[in-house]
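Student: The chain contents come next:
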Amino acid sequence: MNDSNPLISLKGITKTYGKGDAAFQALCGVDLTINRGEFVAIMGPSGSGKSTLLNLLGCLDQPTGGSYRYGSVHVENLSTDQRSLLRRHAFGFIFQGFNLLARTSAADNVAMPLIYHGVSMKERRQLAKKALETVGLATKLKSVPSELSGGQQQRVAIARALVTSAGTLFADEPTGNLDSHTTVDIMNMLTRLNEQDGITILLVTHEPEVAQYAQRVVVVKDGLIESDTWNRKPNLASA
Amino acid sequence: MIWNAFLIALREIRRNPVRAFLTVLGIIIGVAAVITMVTLGRATTQAVKSQITGLGSNLVSIRPGASFGPRRPDSGIPNFTAKDVEAITNQIGGLAGVAPVTRSSMGTIYRQNARTTSVVGTTADYFTINNWNLTTGRFFTDEDARAGRAVAVIGQTVVTKLFEGDDPIGKKIRIGTSTCEVIGILTSKGQAGMSDQDDTIVMPLTTLQRRLVGRTSTANISEISISIEENADSDLIIEEITALMRSRRNLQDNEDDDFHVFNAQQLAETLSSSTQMMTTLLAAVAGVSLLVGGIGIMNIMLVSVTERTREIGVRLAIGARAREVLLQFLVEAITLSSVGGMVGIGLALLLCVVLSGAIGVAFVFDAQINLIAFLFSTAVGVIFGFAPARRAARLDPIDALRHE
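Residue numbers (my numbering), protein chains in the order written: chain R, 1 to 239; chain F, 1 to 404.
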């Protein structure tokens, strides 16, 4: 990968909520380029537009203006269904609230995205087991979320995001509900996934300690990028 | 995809069985009610039909008086005469048999037992026309009738009540003021409406007139029993008989019939069409409960969509398309209603067996109505599951994920 062929390229992205006097401009023209294999933390105070930016990057939302290219795809031209398919094949999501299906085993939770890939039940079981082994939960296949700790639940959610071999992982405050000790576990795991498996990670957080784990920190304020700094240069880009 | 949606639906049902049961209770009751009503209705119709055909196949009987039923004695309407019977026999084609009938209630005595029984005076044809069979002995013959012999054929009720276990064949019983010899015993026909068909004594009309009634009036026949040939046009023959009797009874064109032609076939059809109408009506009422059951499903599915908003958000985020979410919830509603339909069929089977035993009709499993009711319950799932499923499919992933 080189800079001339970025994974994600935003140009003049704007997002306006509401209409008329009640209109609120969450993003006022964001330019951002992210290469494959980067680990980017998006920071900023609440209301700064950082979550909006992540939702737009994750194709959960459509920008009001500007252009968004993912690889060679012009995302702003995609229909709702096409965006669904892009998410299905290229993206993985983890959330602050874990968002696991209640009363459903860890293995079934992890296997859930594969249903939409048309994978057979047998193969789903194997892939789910493998993904749970990757996050160190090989012994908890049958446990339901209520039997798991917060950190374990978030690891199940990571396994769910990884099971489809998605290249890009979107994490919205993934450690927001976790204690500091578990936060370290989860962040180490994300770092390992980024460094060993080359997964691109985009993470929203308001905690500087969490942002430290990322290679690059983008600070958003009042709908604009205030700063874009590197903690350390990515291994893969230099390799 | 549909199979997976079905598996997810089954898991959802297993997750909360009590709620699932309450959700489909309306469907269960609706399906069970429709099937039970229709099955029992048809069984009743069948029972009514077979009871009437039991009176005699192609039976037509003519009675004085404007309508069928008990005759008012002082109505002044004349009985039929032997000449009327003769005229029908000779002038109407397509008849298998014609028998004059005189009925009277008479005291009967055998040893110390005395009771009142309906005594029928008729000819030998009466037995075939009215479908009577013998258990033992013989019918009387035309020869017996001509000679006016004092012989009688008795029904089962007379055997049990009057003879109390004695073999009646060859025994003499006192009927009215005369004595008769019992020559045959009829097989039982059971109740017909309010009257016991087996409480009867049948003897030659001539014997009854000469020995018991003692009257020699010519107008003494209270009923003419006729059976129509198998392939004859019964409507046409009844018309002909009516016309013949009108002219024989000197009725003017502006006068109403002073006799009534009763057709067993017609009665069977009238009665069964009225029970069928009743069945349809009851089934329609039961169908309304099926509809109400569908609204129950819609209600719970809407609640379920709200409850599982975050789940829907996750599914949308990981790449489920709107139509896949729609399908999942639709399949869930259909699965619920179909399972309800199947439970309803089971319940209906149970109810039909118990109730058909209680009201004394034969239970016949009707595959057609079971299938219709099942398909209807599935259709209810489709119709009432669609709105909640569409609501789920239209959710915005971000809003759905933020939902508390």
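None of these hints come from the bench; they were simulated from the model.
Please read all numbers here as calculations on a predicted model, not as lab measurements.
Errors might be hidden in some of the hints.
What the hints assert, rightly or not - If you only want the chain F side, here are some residues facing chain R, beta carbon under 8 Å, derived:
| # | residue |
| --- | --- |
| 1 | 243 |
| 2 | 246 |
| 3 | 311 |
| 4 | 322 |
Stated by the list, open to error - Pair ranges (Cβ atoms, derived):
| # | chain 1 | residue 1 | chain 2 | residue 2 | range |
| --- | --- | --- | --- | --- | --- |
| 5 | R | 12 | F | 383 | 43 to 49 Å |
| 6 | R | 136 | F | 383 | 32 to 38 Å |
| 7 | R | 226 | F | 14 | 35 to 41 Å |
| 8 | R | 24 | F | 285 | 55 to 61 Å |
| 9 | F | 14 | R | 181 | 35 to 41 Å |
As the list claims (entries may be wrong) - A few chain F residues facing chain R, derived, Cβ under 8 Å:
| # | residue |
| --- | --- |
| 10 | 147 |
| 11 | 310 |
| 12 | 320 |
Just so it is clear, CB atoms sit at the ideal spot from N, CA and C, and this is done for glycine as well.
Student: So, for every hint listed, does it hold in this structure?
Tutor: Structure-based check of each hint:
The closest approach between the C-beta of residue 243 of chain F and any C-beta of chain R is roughly 79 Å, which is over the 8 Å cut-off, so the hint fails. Nearest Cβ of chain R to the Cβ of residue 246 of chain F: about 82 Å, over the 8 Å cut. The hint is violated. The beta carbon of residue 311 of chain F comes within 6 Å of a beta carbon in chain R, closer than 8 Å, and the hint placing it at the interface holds. At a threshold of 8 Å, the smallest CB-CB gap from residue 322 of chain F to chain R is about 7 Å, leaving the interface hint in force.
A hinted range of 43 to 49 Å for the beta carbons of residue 12 of chain R and residue 383 of chain F is consistent with their spacing of about 48 Å. Hint check: residue 136 of chain R to residue 383 of chain F, Cβ distance near 48 Å, so the stated range 32 to 38 Å is violated. Between residue 226 of chain R and residue 14 of chain F the beta carbon distance is about 51 Å. The supplied range of 35 to 41 Å is therefore violated. In this structure, residue 24 of chain R and residue 285 of chain F meet the distance hint of 55 to 61 Å, their C-beta atoms being roughly 56 Å apart.
Between residue 14 of chain F and residue 181 of chain R the beta carbons are some 37 Å apart, a value that agrees with the proposed interval 35 to 41 Å. Because the beta carbon of residue 147 of chain F sits about 92 Å from the nearest beta carbon in chain R, more than 8 Å, this interface hint is broken. Because the smallest distance between the Cβ of residue 310 of chain F and any Cβ of chain R comes to about 6 Å, under 8 Å, the interface hint for this residue holds. The interface hint given for residue 320 of chain F holds, since its Cβ lies 5 Å from the closest Cβ of chain R, which is under the 8 Å cut-off.
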